[in-house]
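Undergrad: Sequence:
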Amino acid sequence: VDWTKRCLDGTRTEILTDIVNWIYDTDENVPRILWLHGQAGRGKSAIAHTIGLWFKNVGGIGSCFCFARDRQAEHLEEQLIRTVSWDLAEHDPAFRRALADAVAKDDVLKTTSDIVLQWKRLISEPLHQISGHTVGNVLVVVDALDEIGTEPSRRHLLSVLASAQTAELPCNVRILVTSRTLPDIEHALNAAQHVRSTSLDDVSTGLSERDVRLFIMKKMGHLRGIGSAEVHGISQKAEGLFEWARLACEFVNASAVKNGAVKECVDKVMHIRSGGGLLDAMYQVILEDSIPKDGAMLTRFRSVMQQVMSAHEPLHLNTLNKMRSHFPNNEDHYDVIAVLQSMTPLFGGITDRSSPVRPLHASFYDFLMDRSRSGVYFIDTSDGKSMAFATLQILRDDLRFNICGLESSYLANAEVPDLSKRIKENIPHHLSYSSRFWTQHLEKTAFDLALGVLVKAIVGGEKILFWLEILSLLGMVGKGVDALGAVVTWLQVNGFKDILGLVVDGIKLIQNFGSVMVHSTPHLYASALPFIPSNALLSIMLLPKFPRLARVAVGGLKGWPVEQHVLHGHTSFVNSVAFSPDGKRIVSGSWDETVRVWDVEGGVQIGSPLEGHTSYVNSVAFSPDGKKIVSGSRDKTVRFWDVEGVAFFPDGKAIVSGSWDKTMRFWDAEGGVQIGSPLGGHTDGVLSVAFSPDGKRIVSGSRDKTVRIWDAEGGVQIHSSLRGHTDAANSVAFSPDGKRVVSGSWDNTIRVW
1 VDWTKRCLDG TRTEILTDIV NWIYDTDENV PRILWLHGQA GRGKSAIAHT
51 IGLWFKNVGG IGSCFCFARD RQAEHLEEQL IRTVSWDLAE HDPAFRRALA
101 DAVAKDDVLK TTSDIVLQWK RLISEPLHQI SGHTVGNVLV VVDALDEIGT
151 EPSRRHLLSV LASAQTAELP CNVRILVTSR TLPDIEHALN AAQHVRSTSL
201 DDVSTGLSER DVRLFIMKKM GHLRGIGSAE VHGISQKAEG LFEWARLACE
251 FVNASAVKNG AVKECVDKVM HIRSGGGLLD AMYQVILEDS IPKDGAMLTR
301 FRSVMQQVMS AHEPLHLNTL NKMRSHFPNN EDHYDVIAVL QSMTPLFGGI
351 TDRSSPVRPL HASFYDFLMD RSRSGVYFID TSDGKSMAFA TLQILRDDLR
401 FNICGLESSY LANAEVPDLS KRIKENIPHH LSYSSRFWTQ HLEKTAFDLA
451 LGVLVKAIVG GEKILFWLEI LSLLGMVGKG VDALGAVVTW LQVNGFKDIL
501 GLVVDGIKLI QNFGSVMVHS TPHLYASALP FIPSNALLSI MLLPKFPRLA
551 RVAVGGLKGW PVEQHVLHGH TSFVNSVAFS PDGKRIVSGS WDETVRVWDV
601 EGGVQIGSPL EGHTSYVNSV AFSPDGKKIV SGSRDKTVRF WDVEGVAFFP
651 DGKAIVSGSW DKTMRFWDAE GGVQIGSPLG GHTDGVLSVA FSPDGKRIVS
701 GSRDKTVRIW DAEGGVQIHS SLRGHTDAAN SVAFSPDGKR VVSGSWDNTI
751 RVW
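First residue of the sequence shown? That's 1 in the UniProt record's numbering, and the numbers climb one at a time after it.
Treat each hint with caution, since some may be false.
As a list, the in silico EDC-like pairs of lysine to aspartate or glutamate whose alpha-carbon atoms are at most 20 Å apart [to be verified]:
| no. | residue 1 | residue 2 |
| --- | --- | --- |
| 1 | LYS258 | ASP289 |
| 2 | LYS105 | ASP668 |
| 3 | LYS636 | ASP668 |
| 4 | LYS219 | ASP9 |
| 5 | LYS444 | GLU313 |
Okay, the calculated beta carbon distance ranges per label pair [as the list claims (entries may be wrong)]:
| no. | residue 1 | residue 2 | range |
| --- | --- | --- | --- |
| 6 | VAL600 | GLU713 | 27 to 35 Å |
| 7 | ARG353 | THR83 | 25 to 33 Å |
| 8 | SER382 | PRO530 | 41 to 49 Å |
| 9 | ARG353 | GLY501 | 39 to 47 Å |
Just so you know, these hints were derived from the structure itself, not from any lab.
Built from N, CA and C at the ideal position, the CB exists for glycine as well.
Using the sequences plus the hints, can you model the full thing?
TA: Here you go:
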């Protein structure tokens with residue numbers, strides 16, 4: 001909670017009182033969620049912080065979590081539930097014990113990014129366990145939900161908030177959510193009976209103007225030339241937008257300090273046209289006063305804004321300057337404060353160098369990134385060339401062997417007593433940032449020969465190991481595979497393939513020895529590098545540079561292992577597996593009558609087995625949105641599992657199932673009723689089915705050892721049966737382009753058709 005963002009005393013009293021009454025309402029049927037929404041600038045965050053501070057001061061058990069547009073790269077949506085559970089545990093011993101028990105029983109809860117699972121096991125179940133043992137109410141504040149990012153990144157969290165599980169939370173639990181009124185948020189929350197919707201756009205004009213007038217008087221009433229008439233005029237001009245009023249006050253105050261031109265500034269504010277785009281008009285006034293619409297200053301403004309806005313996390317002035325000194329063009333090597341010093345109404349972190357530079361309101365970024373609104377001040381963030389150059393040059397110049405001076409490989413990273421201090425002293429923020437985000441900037445950059453040479457300097461030599469050191473020290477080894485995967489794509493697309501093999505070897509190094517690097521940074525050299533296959537490019541290139549390392553004399557790897565994870569858990573044959581649409585989870589069905597969900601990256605089971613079938617589970621599939629699993633079993637049932645032969649139609653509205661009765665059947669995914677007649681043709685049980693990507697064809701595999709393709713609309717077989725397997729074809733799928741079929745069989749072969 002940020003006390004600087006709270007409401008001014010005496011303002012928003014009606015809405016604050018209403019929220020407090022909702023929190024203390026003793027009716028068991030009171031909505032568990034209050035969704036406070038409205039257009040940008042209405043003061044939603046101020047209300048959220050005020051309520052959070054008040055609840056903290058009265059000794060309530062609660063948590064406040066704020067999303068921010070400039071922190072989207074951190075995937076805060078995956079951190080929300082862990083943070084809330086930690087806060088609640090810190091304030092309530094009973095919740096702390098319940099949470100500790102949950103984590104002790106399931107290690108997956110320590111690492112999983114599955115929001116649905118987190119909510120169930122870390123919030124809902126512990127709250128139910130302590131229901132009746134907690135004194136007072138529990139309040140969770142979630143501010144700026146709309147700033148998570150794209151709709152897909154909000155989808156899982158919205159599904160949790162709108163779920164029956166949340167509706168059934170203990171009656172002393174309240175969740176205050178604030179956001180702009182975006183369509184996906186409105187659709188999800190307005191449809192839920194346990195969500196109360198309150199719009200700040202509906203607050204009466206009189207109340208809004210009264211509160212804005214109090215705010216303006218507090219912020220500007222001390223200035224010479226500001227009387228009741230000026231305050232009244234500006235408050236009317238604000239039209240209830242607190243952010244507009246704040247900008248106007250900051251603008252006038254800054255001018256008063258700089259040149260005493262209070263009246264001129266007030267006149268500029270008063271001449272802003274009322275109506276739509278009021279915030280945009282204020283942004284224009286402030287920028288025009290600071291940045292002329294032509295000349296070198298405008299060019300510098302665009303360059304600095306592009307740097308600030310394209311960064312994947314807010315950066316301090318010192319870091320911005322350090323990175324700018326590595327930009328490819330020498331004319332860009334200037335102090336960013338020269339551009340930003342006049343923008344204190346728009347940015348934080350300018351006068352205080354210990355804070356990162358970030359916009360004081362997310363709508364300013366929206367304004368700058370829309371050419372039709374910002375005109376000459378438009379900022380194009382699609383080109384990452386300058387930041388890609390800067391991050392790569394920093395890595396080339398600053399990466400070094402044993403960067404934190406670890407004396408021994410006998411200690412795990414967690415056992416090094418002063419590791420945090422060493423990291424702070426030896427990995428400055430510009431190096432840390434470059435290590436974590438260089439590939440994201442590279443992805444946004446068209447091919448450039450000089451940039452390719454820099455990439456080669458990192459991944460084509462021992463620097464790649466020094467980079468992995470930093471990932472190990474920062475606890476981010478798992479991100480290395482995705483990072484190098486992006487480099488592979490960039491190299492392939494841009495025709496710089498002579499180092500491609502080294503990058504691929506780097507990916508395999510992380511996949512095979514990542515757990516070693518996570519445990520201990522020195523073991524990157526002691527226990528990973530010596531065991532790389534001797535014929536791997538990485539081994540041929542790097543081992544000569546480390547002559548004192550141990551060598552594998554006999555029995556070394558002749559090639560990289562094909563398998564990445566062996567998933568243990570089922571107690572009998574595994575009949576069917578499928579990836580989730582985002583590729584992050586696997587679902588499996590087994591003869592042990594269970595369905596299990598697995599984390600792809602970690603290779604561990606997520607949650608408990610899904611139990612309910614009374615015979616073998618023959619086929620499993622995810623729905624297209626990844627929210628549900630459907631399974632088919634020899635017990636003659638098809639079951640749905642809310643996790644977020646059986647296959648969904650690509651639009652998620654229909655299912656096709658295969659059965660031991662030799663038929664396939666269509667089902668309505670929502671109503672669960674059969675559609676049309678069964679499809680017959682196989683001479684033995686149908687073990688697996690899948691739709692083509694366009695939904696026009698179905699492939700089936702059967703105990704009759706054949707694979708067959710069907711017309712989904714007409715329900716007739718297309719082409720002859722595909723023969724070749726010598727035992728049951730128990731798993732089938734289409735390739736992503738729909739041109740091939742792959743089948744797996746009990747004959748221990750996989751065939752492509």
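Undergrad: If you check each hint against the structure, which ones fail?
TA: 2
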